[in-house]
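Participant: Sequence:
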Amino acid sequence: DSTNKMADVSLGIHNMNTKNGNFICGVVEGFYGRPWTSEQRKDLFQKMKKWGMNSYIYAPKDDSKHRANWRDLYTVEEAEHLTSLITSAIENGITFYYALSPGLDITYSNSKEVLTLKRKLEQVSQFGCVAFALLFDDIDPEMSEADKEVFHSFAHAQVSITNEVYHHLNEPKFIVCPTQYCAARAVPNVPNSEYLTTLGSKLVPEIDIMWTGAKVISRVLSLESIEEVTEVLKRPPVIWDNLHANDYDQKRVFLGPYQGRSPDLIPKLRGVVTNPNCEFWANFVAIHTLAQWSQCNVDGDRERNESVCADIKLETESDDCNEVPSLPLNMYHARRALRNAIVDWLPEFQRSRQASGFVTKPQVLSSLAVPPAVLTTSAPPIVPPVVVNTCIALTTATTTAAAVSTIAPQLSALADVCTTVNGNSGPIVMNSLLSETKVCTEPMDCNVTPSPEAHKPSSPTPLEADQATANDAPATSNEEGDANGANKISDWTPQQLTMEDLTLLCDLFYLPFEHGTQGVQILQEFYWLHTNAHLVASDENKPEVIEWKEREKKLEGMSNSVNRLFQKLNAINNKELMYELYPYVWEMRAVISTLNSYIKWLGNPTRTGGGTSGHSSDSPAIGNYTWFSKGWKESFMSGEQEPWVFRGGLTADLQRLIPVDGGSDLFVYKVPQVVSSTIYTIREYIDIDKDQITDLSQFTRSSSESSPDHLERLVECILRLNPKLCFVVEEKNEGDDKPHLAGYAIAIANILNHSSAVEEVENDLEPWARDILKCCIAGAKPHHPSIIVSAIHPSVTDQSVSKRLIICLLAALRSNGSCGVFTPVCASNTQQLDSYVKLGFVEMSRDEAGQTAYLGRVF
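Heads up: the sequence shown is residues 494 to 1352, going by the numbering used here.
I should point out that these hints are in silico values taken from the structure, not numbers from a laboratory.
Just to be clear, a hint being listed does not mean it is correct.
Stated by the list, open to error - Derived lysine to aspartate or glutamate pairs resembling EDC-like cross-links, with alpha carbons at most 16 Å apart:
{"no.": "1", "residue 1": "K1046", "residue 2": "E1018"}
{"no.": "2", "residue 1": "K1042", "residue 2": "E1080"}
{"no.": "3", "residue 1": "K1331", "residue 2": "E1133"}
{"no.": "4", "residue 1": "K1035", "residue 2": "E1018"}
{"no.": "5", "residue 1": "K613", "residue 2": "E657"}
{"no.": "6", "residue 1": "K1274", "residue 2": "E1209"}
{"no.": "7", "residue 1": "K708", "residue 2": "E1133"}
{"no.": "8", "residue 1": "K605", "residue 2": "D640"}
{"no.": "9", "residue 1": "K605", "residue 2": "D565"}
{"no.": "10", "residue 1": "K695", "residue 2": "E657"}
{"no.": "11", "residue 1": "K1183", "residue 2": "E1209"}
{"no.": "12", "residue 1": "K611", "residue 2": "E657"}
{"no.": "13", "residue 1": "K1042", "residue 2": "D1032"}
{"no.": "14", "residue 1": "K1267", "residue 2": "D1182"}
{"no.": "15", "residue 1": "K543", "residue 2": "E584"}
{"no.": "16", "residue 1": "K540", "residue 2": "E584"}
{"no.": "17", "residue 1": "K613", "residue 2": "E584"}
{"no.": "18", "residue 1": "K558", "residue 2": "D598"}
{"no.": "19", "residue 1": "K727", "residue 2": "E687"}
{"no.": "20", "residue 1": "K1047", "residue 2": "E1018"}
{"no.": "21", "residue 1": "K727", "residue 2": "D757"}
{"no.": "22", "residue 1": "K1267", "residue 2": "E1209"}
To be verified - Derived Cβ-Cβ restraints for the label pairs, each shown as a range:
{"no.": "23", "residue 1": "E1040", "residue 2": "I1179", "range": "46 to 54 Å"}
{"no.": "24", "residue 1": "Q988", "residue 2": "H661", "range": "58 to 66 Å"}
{"no.": "25", "residue 1": "L820", "residue 2": "N682", "range": "35 to 43 Å"}
{"no.": "26", "residue 1": "E638", "residue 2": "A572", "range": "47 to 55 Å"}
{"no.": "27", "residue 1": "G1228", "residue 2": "S1054", "range": "15 to 23 Å"}
Every residue gets a Cβ at the ideal spot worked out from N, C-alpha and C, and that includes glycine.
Construct the complete structure from the given sequences, taking the supplied hints into account.
Facilitator: Below you can see the structure in the form of structure tokens.
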């Protein structure tokens, strides 16, 4: 069929694909990590049909028989599942491209290898597949000695095997992903790449070629760059778009709209397929907005299209996150597309779907460096280590980031700040065609049963914000299906998620090169409040103090909104969606809450370092190299660096604002293994907390199996000194009328300078209390002047709670000029010793009797 073949682009670069309905638009499942399930893929096909998309490429990197074991034929059971997938795609009008990645270990000159490849694709063709792809990305570009004797170059080897297989399969729809798949990896560049030139001139003209753009993950696709690569390849490319891919970063998921690509590109392209998030249910916006983009009227105003789409403005700096320019319907605007997608996404949250567990993403291991140009500092910083997994060559030396030899001391621990340990055990290879692979990847409270047959997505229903209010409704974990196997949408109840909730969710997890509007607002509010904290000491009636207090309330309101989003999300009926988003929202909520707690402490005009002799800094410290550092934001948003250079997303950018540069280990913790809507909030100590703290101290010590502790009343003694650096953490469960105290952290900034206060109360103390205070003073060192005592109730299983509590206290100490803390612990109390070690403390010394161990840490 001639409509399925490309025009002869050697005569020009015009592409009439859109006008003749031959524009490839869809999804490539091409990421590393746990593949999607068959049920999810069938759900995808139905959505794609509804949205006018036409192509799906099966290419999950960690599906065993796609890449690692590409030679192996499918078993009878696997064949049934794959046939069912292909049939489902056909029923929905979707072209199912079966992709194979043989490049890791194939010998191109070995006829047996070529025969094996043909046999594998022949088998799949018997399942009803009529479209295929060979992927040569992420492989060593060096040929084997045997291949060097036969082929002139690596490109000639790939062209030879591709053309042969293409003809053997009777010239079906066919796509190739080259090894040099973006401009940054073209050697030496696109126009002069011998590899790309060979592909363009030798590959059968009807075979399409994939391209990711200027970078692996391209911020913008320019018309000029597409024309350039089209000329070299002698055909318009199919864009493999990694804009929403997140397999390179444990902390990021992308819920923002498709943008940075003008619809004017459409006539110049063979097609676009998005390689989105690992988390299937998190891809609604990414795919929905791509579909909207693909259907824009390409005969519209070119200049307006380019200004709206290709040039990513800093629209996140605007005050009104919902403001969308008034544009004709045939014009594409990313924010409007996002709003349209959210309207359709809302009902998905209430579909009854059982949980299948947290998604396993690849571990982050190797390193890349930020080039000196990123920040104008005396020493170029080193960025966190990362394994680059999305369509990235694992063995080549090419990189878009220049190596640097000087390490900025301030960023020596940034790798930890940007990494959250999600409990993943490393690379996985599995078979997503078998139903038993749909398992929980973490030990958690979820019941896994086979999902029902593919279901038809509900029709989009515009839902106004006032249709949903705020009261959490318990979710059912049972799936209900109608006669056609479609999942029912549960009746809307009060306290359902609203448009505003999902807009906030998307803003917090926006795009690789851009934070959403409300995310930027949180960054800005914290930074302004932190920078202007000295104003609080002024007359409370002054305009600047009033403004500070108003903005403090604004930040608290933002924090509360994220808390509500977290609890509403946990109550949705679509447990698959909930489990996919939970790790991200759980951590984001915790980080924002911690920032809010610290700001509330700064807002207390009586804050001091330790009783009567303490002091506080007029200019509290801020973390080094943050969003507000010179050049950081500009480099992040420019797209000149791949996004894994600035790893961690908004979560990490918020964490970097906390002035605890040497405490990055406190940002490393596992996601709770059991989903919980419990809200932990850190606040400043008040007098009525004293009895609860004393009780908790005694309870935590009595629960220890150690011998009698001579420091068991340490907290009581410290509280008698009236310390001003005191925080407690409150726990509030669903249904609780009020929160209850679950932990505390108390410090005196300089116990040696506090000795006068000690003398004042010594006469009122019993001998045991005097001994404890002397023991405390004996542990102080020049680099560890601050004493700290902390405990968390044993019932708290969320390990991040104790770390965030300590972070708040250390930040307060940092604002008071301290960078080192110590704590005395009974040497026989192994449980308490272990709890401090988990918080980064190390044993410094012991007293003469060996009864007291002094643990310390710097930050």
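Participant: Check each numbered hint from earlier against the structure, then list the numbers of those it violates in ascending order.
Facilitator: 2, 3, 4, 6, 14, 17, 21, 23 and 26
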